[in-house]
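Model the full assembly from the supplied sequences, consistent with the hints where possible.
First to last, the protein sequences are chains W and P. Position in the first sequence counted from 1, then plus 559, gives you the numbering used here. Position in the second sequence counted from 1, then plus 559, gives you the numbering used here.
Do not take every clue at face value.
Each pair may be met inside one copy or between any two copies, as identical chains are not told apart.
[Unchecked claim] Computed cross-link-like contacts, DSSO-like style, restricted to lysine-lysine with a CA-CA straight-line distance of at most 27 Å:
(1) K814 x K925
(2) K925 x K838
(3) K814 x K918
(4) K609 x K902
For the record, the hints were derived by calculation from the structure and aren't laboratory data.
2 protein chains.
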Amino acid sequence: MRHSTSKDKVRYAVVGLGHIAQVAVLPAFKNAANSELFALVSSDSDKLQKLGKKYAIQHVYSYEEYSRALSNVDAVYLAVPNHLHREYAVRAAAAGVHVLCEKPMAPNVEDCQAMIAASRQNHAKLMIAYRLHFEAGNLEAIRLARNGKLGALRIFTSEFCQQVSDGNVRVNEFSANGGGPVYDMGVYCINAARYLFGAEPTEVLATAANNGEGRFQHVEEMTSVVMRFPEERLATFTCSFGAADISRYCLIGTKGVLQSDPAYEYAMAIKHQLTIGEKKTEKSFAKRDQFAVQLVYFSDCVLKDKEPEPSGLEGLADVRIVEAIYESARSKRAVHLPQFQVKRRPSVRQEIRRPAHGKPQIVHSKPPSREAA
Amino acid sequence: MRHSTSKDKVRYAVVGLGHIAQVAVLPAFKNAANSELFALVSSDSDKLQKLGKKYAIQHVYSYEEYSRALSNVDAVYLAVPNHLHREYAVRAAAAGVHVLCEKPMAPNVEDCQAMIAASRQNHAKLMIAYRLHFEAGNLEAIRLARNGKLGALRIFTSEFCQQVSDGNVRVNEFSANGGGPVYDMGVYCINAARYLFGAEPTEVLATAANNGEGRFQHVEEMTSVVMRFPEERLATFTCSFGAADISRYCLIGTKGVLQSDPAYEYAMAIKHQLTIGEKKTEKSFAKRDQFAVQLVYFSDCVLKDKEPEPSGLEGLADVRIVEAIYESARSKRAVHLPQFQVKRRPSVRQEIRRPAHGKPQIVHSKPPSREAA
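Right under this line is the structure:
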């Protein structure tokens, strides 16, 4: 905590000022009393100037000045492209700066391991930004999965699709660099299957498809996946960059069915439909500031020296599955996943609430989705 | 039409008096003016006596007397176990009797081919009882799939699950005999993907799971499947005999999403939720007598010498996919499906409406599902 002006606030640099940073991360600080937006890092001097002015931030840096930025903050929020997570996380950790990193953690397991090692060696906290680990609807789904109301859990299914705009970073990076629908959207489905079943998959089957549009030159259009979990449970999902918006999962037990639709959003309320026998109940979970909550939680971990729950290991747990998915899609065979221990999982105790904010004006950045307003 | 008392009515023998025959087929005749319930065939003399009395049928036969039964009717409705379809269909056709056969058509492609050959050689009509080919909700889904409202179709997903009772024929037959969730429930998902995409899959990946309960000694508990369709479209489904009731599909295009839930039922209304951009519309399709409609349609084909749309080829089209699914689940590899031409597909022109009837009393037969009333 070298850099804090006080012991009750963590100073952040937000690194990367793309759409998610502007629309969600920067506005979140005003809802996170223990977190201070102290510095901005971007290659775009216009963004730095305009957003610096908007948020009254004096400390703005290019990527070349990243080391200087690190010397002035306690933590970074990494919103750079996926293949840069490792470099920026390792450098931060080496400087004793804590890292809150967007998901997916990295394009491959090796990068994840390097990030975990760097954070351990330097006693820097590392958290992966799984915002739904703190969101009421998803935590209620976990509670229902655990309390027996659905009976024994058997099946998870999910669809997560959007129309990604031509030229967006999500389609411009090769999957080896963490581009494509599995890294960007599939990780939500993988993560949800894991937190709802409370277990790690043992086998993966996948197939990818590509309708050949210009925007899908570097990445596949979509992928369908089957995951086998212990206790003979099955999970399937389809994620796509080329289909109309849907964000849904369904958890089927021996006694009941929980459908969440929308399930993964931050810009609208999460909804549940629960069916137990003949009885159907519906529930809506208000739109909240899911990014403020992550700052509040991570800063609390930093200030009180606690290990964050969506740890580096949690990020790695998803990335190793993504790697297996691509391997299966290539080989047209089931891919076995070795045993993997995850000690902590999200639970309803992790719920934190902060009110939603309005839509900020965006500088030089477009929403990923064609359909988004 | 040797046996008809008149040229405007087809005389039927219902062969097999299990649950579906009693709950749906027998009561349907009173809603099908061109179809006459003339004979019953069963191994259970008590059923024959009681149901004969209830429906005022004088012609009741054991299976040993099947040839005699055939000599008195124009058509049979085959509701015997799946592995007996071939024998009873081929014998009927050989006697010049038309065949309306429950789905799945048979446990394997060879049986299907034998049934098709027998019906062709003897100029007997052959129809597979795909009741949803005449149902308003599913036909409206097909219309939406064709009229461009959803944009280009990309993804189909489906869940179809129930808790099958211990000892039910569905779990007592090995899958080689057409037992198990893929033959019984998966064919609905396969058939829906085919009629919604209007195409035949080219590749299948599947995995089966079994929680080891006593009722799953002969068949798997559940199976998850990914099917690849031409134009790089993907379909996934999970069907289960060991999970809470769900009967849903989702069709995702480039512009919109159609969800149907319930989608495959005959005992309740079919429902749609259509999302095009921000606009959501819901629609309910009244519960109707889907079995009467099949009789009306098939009898019309017999009386007017027309080829039924859910033909033997349509039944075979599903069975060859089921075989590929089991092969993939065994080999843990993608299984390629050779090209397959289906000339006719269901369309909204096929809709026929007949009112629903009440629940009849059942003799010596239990509903397949634990949860069903």
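Hints versus structure:
| no. | hint | verdict |
| --- | --- | --- |
| 1 | K814 x K925 | between (44 Å within a copy, 20 Å between copies) |
| 2 | K925 x K838 | between (43 Å within a copy, 23 Å between copies) |
| 3 | K814 x K918 | between (41 Å within a copy, 25 Å between copies) |
| 4 | K609 x K902 | neither (43 Å within a copy, 62 Å between copies) |
Checked against the numbered hints above, the structure violates only hint 4.
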